[in-house]
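Visitor: Sequence:
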Amino acid sequence: MPATTAAQKVRKGSKLTMTKKTRSTVHFHRPKTLALARNPKYARRAVPQPAPMDKFNILRFPVTTEAAMKMVEDENTIVFLVDRRANKGAIAQAFKSCYEISPARVNTLIKPDGSKKAFVRIPAGTAAVDVASKVGLL
Numbered sequence: 001m002p003a004t005t006a007a008q009k010v011r012k013g014s015k016l017t018m019t020k021k022t023r024s025t026v027h028f029h030r031p032k033t034l035a036l037a038r039n040p041k042y043a044r045r046a047v048p049q050p051a052p053m054d055k056f057n058i059l060r061f062p063v064t065t066e067a068a069m070k071m072v073e074d075e076n077t078i079v080f081l082v083d084r085r086a087n088k089g090a091i092a093q094a095f096k097s098c099y100e101i102s103p104a105r106v107n108t109l110i111k112p113d114g115s116k117k118a119f120v121r122i123p124a125g126t127a128a129v130d131v132a133s134k135v136g137l138l
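If you use full-length UniProt numbering, the sequence shown closes out at 138, no skipped numbers anywhere.
I should point out that these hints are in silico values taken from the structure, not numbers from a laboratory.
Any given hint could turn out to be false.
Unchecked claim - Okay, the calculated beta carbon distance ranges per label pair:
1) L36 - A127: 24 to 32 angstroms
2) A127 - M53: 23 to 31 angstroms
3) C98 - T33: 17 to 25 angstroms
To be verified - Straight-line distance between alpha carbons at most 25 angstroms, and here's what the computed DSS-like set of lysine-lysine pairs gives:
4) K88 - K70
5) K134 - K55
6) K55 - K111
7) K41 - K55
8) K88 - K55
9) K96 - K70
10) K70 - K134
11) K21 - K41
12) K20 - K55
13) K9 - K55
14) K134 - K117
15) K55 - K96
16) K12 - K70
17) K111 - K70
18) K117 - K55
19) K117 - K70
20) K41 - K96
Even glycine gets a Cβ: it sits at the ideal position worked out from N, Cα and C.
The task is simple: from the sequences and hints, build the whole structure.
Guide: Here it is as structure tokens:
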């Protein structure tokens, strides 16, 4: 090292002032590392997942018993067998998208054999008989 640079270092001083980060919390966390997307070599499940429910899977078919026909005439209600996993909102939405009529109310029950039955009440202004013929009941 030449004498001039040594003299400069002595004049300047060897200590550099560093600014320190102000810590706002007493806990120290390691920084987050790179998270790569999963790219499996093989499927971890042997059985594929069931297909997501769409309007055709939710409303399976209308019930055609005499009691159900009486409900169509007397109570403005159409009875469907529906997917067991479907909730009332999904049933109402599926009915509206299939038949262009927004139901007034949906009641459900689970039958002893494990299937789910939905009672779809048609609004008072619309005749359930017309909707039932559109569905294919009459």
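Visitor: Does K111 pair with K70 here, judged by a C-alpha cut-off of 25 angstroms?
Guide: Distance ~19 angstroms between K111 and K70 Cα, so the pair holds.
Visitor: Please work out if K12 and K70 have their alpha carbons no farther apart than 25 angstroms.
Guide: 101 angstroms, violated
Visitor: Could you see if the CB distance from L36 to A127 stays within 24 to 32 angstroms?
Guide: 60 angstroms, violated
Visitor: Would you mind confirming whether the straight-line C-alpha gap from K20 to K55 stays at or under 25 angstroms?
Guide: Violated, at about 61 angstroms.
Visitor: Taking 25 angstroms as the top limit, are the C-alpha atoms of K9 and K55 close enough?
Guide: 80 angstroms, violated
Visitor: Does the structure keep K70 and K134 at a Cα separation of 25 angstroms or less?
Guide: 17 angstroms, holds
Visitor: Given the proposed pairing of K55 with K111, does the C-alpha separation stay at or below 25 angstroms?
Guide: 21 angstroms, holds
Visitor: K88 and K70 were given as a pair; does the straight-line alpha-carbon distance stay at or below 25 angstroms?
Guide: Since the Cα atoms of K88 and K70 sit roughly 22 angstroms apart, the hinted pair holds (cutoff 25 angstroms).
Visitor: Quick check on a hinted range of 23 to 31 angstroms for A127 and M53, using CB atoms only.
Guide: About 29 angstroms separates the Cβ atoms of A127 and M53, which means 23 to 31 angstroms holds.
Visitor: Has the hinted range 17 to 25 angstroms been met by the Cβ atoms of C98 and T33?
Guide: Check failed, 49 angstroms falls outside 17 to 25 angstroms.
Visitor: Take the C-alpha atoms of K88 and K55, compute the straight-line distance between them, and say whether it is at most 25 angstroms.
Guide: Holds, at roughly 13 angstroms.
Visitor: Taking 25 angstroms as the top limit, are the C-alpha atoms of K117 and K70 close enough?
Guide: 16 angstroms, holds
Checked against the numbered hints given earlier, the structure breaks hints 1, 3, 7, 11, 12, 13, 16, 20 and satisfies all the rest.
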